[in-house]
Amino acid sequence: MSDHAVTITVNGVERTDSVPARLTLADFLRERLDLTATHLACEHGVCGACTVLVDGETARACLLFTVQADGSEVTTLEGLTAGDELGPIEQAFWAKHGMQCGFCTPGFVMTISELLDENPTPTREEIIEGLGGNLCRCTGYVKIVEAVEEAVTLRGGGP
Amino acid sequence: MKPPDFDYVAPTSIADAITALGSDSEAKVLAGGQSLIPLLAFRLASPALLVDLARVDGLDHVTDEGDRLVIGAMTRQRGAERDPRLADRCPLLVEALRQVGHPQIRSRGTIGGSVAHADPAGELPGVVLALGGRVHVTGPAGERTIEAEELFQGFLSTAIADDEILTAVELPASGPRTGWSVVEISRRPGDYALCGALCQVEIGDSGSVVGAHLALIGVGDRPMRATAVEAAMLGGASPTEAAALAPEGLSPGSDVHASSDYRLHLATVTSRRALTQALERAV
Numbered sequence: 001m002s003d004h005a006v007t008i009t010v011n012g013v014e015r016t017d018s019v020p021a022r023l024t025l026a027d028f029l030r031e032r033l034d035l036t037a038t039h040l041a042c043e044h045g046v047c048g049a050c051t052v053l054v055d056g057e058t059a060r061a062c063l064l065f066t067v068q069a070d071g072s073e074v075t076t077l078e079g080l081t082a083g084d085e086l087g088p089i090e091q092a093f094w095a096k097h098g099m100q101c102g103f104c105t106p107g108f109v110m111t112i113s114e115l116l117d118e119n120p121t122p123t124r125e126e127i128i129e130g131l132g133g134n135l136c137r138c139t140g141y142v143k144i145v146e147a148v149e150e151a152v153t154l155r156g157g158g159p
Numbered sequence: 001m002k003p004p005d006f007d008y009v010a011p012t013s014i015a016d017a018i019t020a021l022g023s024d025s026e027a028k029v030l031a032g033g034q035s036l037i038p039l040l041a042f043r044l045a046s047p048a049l050l051v052d053l054a055r056v057d058g059l060d061h062v063t064d065e066g067d068r069l070v071i072g073a074m075t076r077q078r079g080a081e082r083d084p085r086l087a088d089r090c091p092l093l094v095e096a097l098r099q100v101g102h103p104q105i106r107s108r109g110t111i112g113g114s115v116a117h118a119d120p121a122g123e124l125p126g127v128v129l130a131l132g133g134r135v136h137v138t139g140p141a142g143e144r145t146i147e148a149e150e151l152f153q154g155f156l157s158t159a160i161a162d163d164e165i166l167t168a169v170e171l172p173a174s175g176p177r178t179g180w181s182v183v184e185i186s187r188r189p190g191d192y193a194l195c196g197a198l199c200q201v202e203i204g205d206s207g208s209v210v211g212a213h214l215a216l217i218g219v220g221d222r223p224m225r226a227t228a229v230e231a232a233m234l235g236g237a238s239p240t241e242a243a244a245l246a247p248e249g250l251s252p253g254s255d256v257h258a259s260s261d262y263r264l265h266l267a268t269v270t271s272r273r274a275l276t277q278a279l280e281r282a283v
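Going line by line, the protein sequences match chains R and D. Throughout the first sequence, residue numbering follows the numbering used here, covering 1 to 159 in sequence. Throughout the second sequence, residue numbering follows the numbering used here, covering 1 to 283 in sequence.
Any given hint could be a false lead.
With the Cβ distance kept under 7 Å, some of the chain R side facing chain D (calculated, not the full set) [said to hold, decoys possible]:
no.: 1; residue: Thr51
no.: 2; residue: Thr58
no.: 3; residue: Gly132
To spell it out: a stretch of chain R is covered by chain D in this simulated footprint if at least three of its residues, at any positions, have a beta carbon under 8 Å from a beta carbon of chain D; those stretches are [stated by the list, open to error]:
no.: 4; region: 21-28
no.: 5; region: 36-48
no.: 6; region: 64-72
No lab work stands behind these hints: they were computed from the structure. Here a beta-carbon is modelled for each residue, glycine too, at the ideal position from N, C-alpha and C.
Just chain R, same shape as in the assembly (with noise of 0.2 Å):
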């Protein structure tokens, strides 16, 4: 099967690629881009560990192949905060330990990002809701909430 040209912005820069249709976003950013915080888990689109903004809203990138998303402006972790400086999210995680192993971290950064901008002072019910599409195997959701509530604190109650 031929390969296909695309053009994606990620993280604000242009990027050019030939892929084959088959090449999710998610094997794309990883293996491509070298955009490692990109998690992959299930790769069927339960699990949330690769969740990523596609034109301003999350979407899962194993669920996505990057033929698709030609033309596209693509937001990963890294492209979240400018250089090594933590955001609110990632202080708030660390601060209420809400990593635990750390792997599914990046889906959810990426997710509370989303439902901050959108709900900035969300009530711990529309926080639980809100994470619904993701998993932490650790099942430590208690710290994770937390670390929500405590970005909420952070960002002072604005996007």
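Given chain R, work out where chain D should sit, using these hints.
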């Protein structure tokens, strides 16, 4: 790379999409991919060619035609969920959309893709059946419409032919004194429902029920219209009396998630709760 190898085209017109689909007997339509791509990852599907509809002109729209709403097949579920016209004119659809997977799924998933996929536990097939909607399809022979009652033919199976493409979903707009409700029982929020009830009722001038629509999902090989319950509601039965008839004609399977008997029990429970809430809203 987990999916099997396939070729890919992204046509920009429906005519080109029909031609591409007809060019290979193993071709398949790709909409949002949120059901198809997992099937590819498991290699349960191995199409030779995917015809991506995302770049086809004119498939992403919500059109208000007075008493009907026409929603383009490639309208993203998340966009539809936020559309104030749909919230106002078809609240059952918007409430059902909120229970489709998770936001990360709905940002890619489409209205048409979900209906064409015809998962027996899917919310959107349930909405189309409950409201007596129809779908618009285009094929080599031209355009036609398929009524909801004929559309769903079995497990992941519809009356849409292999060489046809679903282009729009048409639903009746809700009138005054209409109430709606979606009640699901699932292991976790966002999971497919063990059983779900999607319901809309209309109240007449005298205060009696003049319209009753109820579809059940997760209890058959396709979404099921609960005609006995609807007739009872039109005959003046209470939600509890009517919901007791919900298991009529159902023979759900047993699996690791729930037994057949439990699903039948849930058919009554979800129907009662949905009818009760819908009546409360129909003021």
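Hint-by-hint comparison with the structure:
no.	hint	in the structure
1	Thr51	6 Å, holds
2	Thr58	4 Å, holds
3	Gly132	5 Å, holds
4	21-28	holds (count 5)
5	36-48	holds (count 4)
6	64-72	holds (count 5)
Hint compliance for this structure: every hint is met.
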